[in-house]
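Residue numbers (the working numbering), protein chains in the order written: chain A, 1 to 178; chain B, 1 to 114.
What the hints contain is simulated information worked out from the structure, not anything from laboratory work.
Beta carbons: idealized from backbone N, C-alpha and C, even for Gly.
Do not rely on the hints blindly, as some may be mistaken.
[Stated by the list, open to error] Looking from chain B toward chain A, a few residues come up when the C-beta cut is under 10 Å (computed):
no., residue
1, I25
2, L40
3, G50
4, S92
[As the list claims (entries may be wrong)] Here are the computed lysine to aspartate or glutamate pairs in the EDC-like style, where the Cα-Cα straight-line distance is at most 16 Å:
no., chain 1, residue 1, chain 2, residue 2
5, B, K108, A, D24
6, A, K76, B, D105
7, A, K86, B, E99
8, A, K72, B, E49
9, A, K72, B, D102
10, B, K111, B, E99
11, A, K76, B, D102
12, A, K23, B, D105
13, A, K72, A, D146
14, A, K124, A, D77
15, A, K176, B, E99
16, A, K81, A, D24
17, A, K81, B, D105
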Amino acid sequence: MLTSLILLLVLMILGAIVALESKDLLSGIISLGIIGFALTVIFIVLQAPDLAIVQIIVETLTLVILIAAVLKTTRKDTSEKTDTVKIILWITGLVCVIVFMLAAVKALQYLPEFGSAESLRMAKVYIDQGLALTGASNLVAAVILDFRGYDTLGEATVLFTSVVGIIAVLRTVGRKQS
Amino acid sequence: MIVYVLAILLFLIGLYGIVVKRNLIKIVISLMIMEYAINLFFALIGYREGGAAPIHTEELGDNMVLFVDPLPQALVLTAIVIGLGTTALLVSFAVRIYEKYDTFDVRKIRKLRG
């Protein structure tokens, strides 16, 4: 269980490196698919079937959107040239990564050990009384649709706003011809 | 603890990509890597050793102690769907910029043209 989790995580990290360093944008996007689908498998291993179902749909849609965008424009990544600006960027990136790493090391000391029941104290009420209070046998559905229903309303608002934004940005009607 | 470290490493790769890469599509990819890392971290925190998926079934009965944490899963479920919306919006911005400037390179996208 832990071994398979670590193997999948290493696969995800390798996929991330390939996705960022490949010269071809299309192969970068395919490598992004490795990360997303490995994440789906990890969700199944972590006993989260709802997340796995949503992740596999969303990942497929994202890949379709990205591939359509790249095929409509260009596949070549021509921005990779080493110059002084690049070296400054490298140093900035290194500083960002080190600062975040220090904060993460500090924060990791306060986390409970992986797989311990200590982290469950947040959801104790949901687990104990979820079925009696909401009547939903799936506790994840009980949380998103009942205990935290306003979160889901906000999610629908964000989705609607993004769709409006996409239509406003990509519309061809009423655009000035240049 | 090593799984937490690996998830943070994945997040750091995305952070590096956002700061260093100059191609718009690569920046979108880096953002998505960071998003995956955060979702993964939440799911990892909610896991407990030997836990079952948080769904009441007949054979499980009243043995509720064995569930994994449903709260991070619900939060991640919302985050995944919102991630799709934001990614689609980012990609549409990138495509529109390409139509205007014929490049994804952020250094060449400097001119203000109405």
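To see whether the hints hold, each was checked on the structure:
no.	hint	result
1	I25	holds, 5 Å
2	L40	holds, 6 Å
3	G50	holds, 8 Å
4	S92	holds, 5 Å
5	B:K108 / A:D24	violated, 19 Å
6	A:K76 / B:D105	holds, 11 Å
7	A:K86 / B:E99	violated, 26 Å
8	A:K72 / B:E49	violated, 47 Å
9	A:K72 / B:D102	holds, 12 Å
10	B:K111 / B:E99	holds, 14 Å
11	A:K76 / B:D102	holds, 12 Å
12	A:K23 / B:D105	holds, 13 Å
13	A:K72 / A:D146	violated, 42 Å
14	A:K124 / A:D77	violated, 50 Å
15	A:K176 / B:E99	holds, 13 Å
16	A:K81 / A:D24	holds, 15 Å
17	A:K81 / B:D105	holds, 11 Å
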